[in-house]
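**Q** So for the first sequence, the numbering used here puts the first residue at 228; every next one is plus one.
Think of the hints as simulated: they come from the structure by calculation, not from any bench. All clues stand as given, with none of them false.
Pairwise CB distance ranges, derived in the manner of DEER restraints: (1) 240 / 328: 23 to 33 Å; (2) 330 / 288: 13 to 23 Å; (3) 402 / 234: 37 to 47 Å; (4) 629 / 372: 20 to 30 Å; (5) 240 / 446: 37 to 47 Å; (6) 537 / 346: 26 to 36 Å.
Think of the CB as a built atom: it goes at the ideal place given N, C-alpha and C, for glycine as much as any other residue.
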Amino acid sequence: MFNKRIKIKELLTADKVNFDATVMGWVRTFRNNQFIALNDGSTNNNLQIVTGLGVFDEKILKRLTTGACIKVTGEIIASLGKGQKVELKAATIEILGDSDAEKFPLQPKKHSLEFLREIAHLRFRTNTFSAIFRVRHSLAFAVHKFFNDKGFVYLHTPIITASDAEGAGEMFRVTTLPLDGSALKNEDGSINYKDDFFGRSTNLTVSGQLEGELAAMAFSDIYTFGPTFRAENSNTTRHLAEFWMIEPEVAFNDLEDNMNLAEEFIRYIIKYAMEQNKEDLEFLAQRLTEEENQKPLVERSEMSLLDKLNFVVNNDFERLTYTEAIEILRESNHNKKKKFNYLIDGWGVDLQSEHERYLVEKHFKKPVILTNYPKDIKSFYMRLNDDGKTVAAMDILAPGIGEIVGGSQREERLDKLTQRMSEMHIPEEELNWYLDTRRFGACPHAGFGLGFERLVQFVTGMGNIRDVIPFPRYPKSAEF
RNA sequence: UCCUCCUUAGCUCAGUUGGUUAGAGCAUCUGACUGUUAAUCAGAGGGUCUCCCGUUCAAGUCGGGAAGGGGGAGCCA
Numbered sequence: 228m229f230n231k232r233i234k235i236k237e238l239l240t241a242d243k244v245n246f247d248a249t250v251m252g253w254v255r256t257f258r259n260n261q262f263i264a265l266n267d268g269s270t271n272n273n274l275q276i277v278t279g280l281g282v283f284d285e286k287i288l289k290r291l292t293t294g295a296c297i298k299v300t301g302e303i304i305a306s307l308g309k310g311q312k313v314e315l316k317a318a319t320i321e322i323l324g325d326s327d328a329e330k331f332p333l334q335p336k337k338h339s340l341e342f343l344r345e346i347a348h349l350r351f352r353t354n355t356f357s358a359i360f361r362v363r364h365s366l367a368f369a370v371h372k373f374f375n376d377k378g379f380v381y382l383h384t385p386i387i388t389a390s391d392a393e394g395a396g397e398m399f400r401v402t403t404l405p406l407d408g409s410a411l412k413n414e415d416g417s418i419n420y421k422d423d424f425f426g427r428s429t430n431l432t433v434s435g436q437l438e439g440e441l442a443a444m445a446f447s448d449i450y451t452f453g454p455t456f457r458a459e460n461s462n463t464t465r466h467l468a469e470f471w472m473i474e475p476e477v478a479f480n481d482l483e484d485n486m487n488l489a490e491e492f493i494r495y496i497i498k499y500a501m502e503q504n505k506e507d508l509e510f511l512a513q514r515l516t517e518e519e520n521q522k523p524l525v526e527r528s529e530m531s532l533l534d535k536l537n538f539v540v541n542n543d544f545e546r547l548t549y550t551e552a553i554e555i556l557r558e559s560n561h562n563k564k565k566k567f568n569y570l571i572d573g574w575g576v577d578l579q580s581e582h583e584r585y586l587v588e589k590h591f592k593k594p595v596i597l598t599n600y601p602k603d604i605k606s607f608y609m610r611l612n613d614d615g616k617t618v619a620a621m622d623i624l625a626p627g628i629g630e631i632v633g634g635s636q637r638e639e640r641l642d643k644l645t646q647r648m649s650e651m652h653i654p655e656e657e658l659n660w661y662l663d664t665r666r667f668g669a670c671p672h673a674g675f676g677l678g679f680e681r682l683v684q685f686v687t688g689m690g691n692i693r694d695v696i697p698f699p700r701y702p703k704s705a706e707f
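The whole structure should be built from the sequences, with the hints applied where relevant.
**A** Have a look at this one:
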């Protein structure tokens with residue numbers, strides 16, 4: 228019965244006193260040789276444990292260092308001090324795991340996020356990161372709850388794929404062939420994969436969409452939620468080499484249905500986290516406010532984190548076409564005064580980050596859904612509109628993060644799809660299995676991909692995506 | 001990958017026009033105090049100034065290069 232303990236969250240919220248309890252957790256601070264702040268990860272709030280003077284052996288008290296793991300039994304009483312309602316009057320203290328105070332890197336003080344990133348294996352034990360990862364958990368749980376409640380099938384698409392025609396980015400190769408140059412070669416010098424594990428060239432997936440579409444042609448409504456890999460040499464605050472993506476794919480949906488689903492989905496999971504993780508989000512909001520106060524006035528955001536989340540939950544996203552967006556940007560004073568690094572003058576070019584930020588943060592001041600992009604700047608599978616020059620694509624842009632969702636109505640017409648593929652030099656034989664969905668019982672359908680970490684960034688207010696995934700992978704970094 | 005800034009104690013930082021023995025706060029250790037809330041007070045220990053090369057009588061400080069990190073851009077989610 229070692230594990231018969233009460234979680235600290237339960238003790239602090241129950242408000243009950245005068246009963247015996249066993250708690251286990253990690254020492255945050257030991258103040259005044261008398262007060263232990265104990266945390267077990269169930270909440271950001273610590274339980275105050277009072278040792279009393281002269282009750283315990285000096286040898287035990289010396290081992291109550293920051294980071295040590297302990298088991299304490301005693302009576303829960305109404306706190307004699309201010310700052311907490313209840314506290315535990317210790318009867319027994321058992322050290323489960325010592326923590327050498329001279330070597331343990333976390334101190335009862337503020338640490339920089341950069342430093343904590345170097346000790347990612349220990350940063351869970353800080354207030355900020357335990358709050359972030361509890362919120363991340365709730366958001367992940369809400370993803371499944373949202374789709375399950377709507378009757379979607381959770382589809383596990385493969386991590387290892389043979390397709391190299393998805394066009395979503397550079398891929399990591401998967402192989403068991405020797406790296407020393409002794410691998411079998413073709414006559415033209417290229418690698419012969421005949422002896423490789425799968426007998427062909429394989430990669431880590433960059434998207435589960437194409438496989439998701441196959442299943443949507445049977446279940447109607449499916450979603451994927453899994454790891455995704457991009458070998459791009461991206462060094463930014465919003466890119467990872469390994470990230471988690473949510474990709475619903477829905478038969479019989481058109482572009483508007485797709486936007487409605489994405490909007491409802493985002494609102495739902497944010498609202499869920501706000502209900503489940505109120506204290507964590509209040510803590511993160513406070514952290515962000517303090518951080519913002521270090522910045523010059525003009526750079527500070529007008530709304531607090533909680534106001535921003537409430538605003539998103541309670542207001543419709545702004546929807547407009549690419550063409551309308553170009554018009555707004557072209558007519559903006561910002562453009563006329565030549566404040567953009569890339570001035571808007573014509574139709575057809577892709578929007579730069581600065582343009583997206585202008586639309587979202589300056590012009591509309593809310594999340595924006597941009598639709599119907601020029602076909603030449605979008606993927607082959609997006610449905611061609613009747614104008615012959617735009618496709619039924621949609622991107623959702625969030626304040627401070629940028630693109631959080633990319634989606635489209637898919638091209639279900641076989642002739643149009645194969646024509647696009649040949650224009651973009653995508654070999655049909657690579658995607659025969661995909662084209663079969665257009666050959667046998669094709670139907671209008673749509674879907675999108677949502678970058679989970681970007682959503683976690685938005686909800687927690689964290690500026691760097693490397694701080695919202697437990698063990699971030701990015702160029703030159705695969706520690707832990 | 002490009003632009004830009006940074007790298008000094010365990011952490012966060014200061015360090016003047018190049019000049020004796022490189023400083024502070026926090027943390028750690030020792031002691032005092034004892035209802036504290038990142039406790040307080042006193043004292044102590046703690047440094048290959050990221051690395052390599054160069055300029056100079058003399059380099060933490062100037063120049064070149066490398067590595068690592070931050071911010072921005074591109075690619076995207």
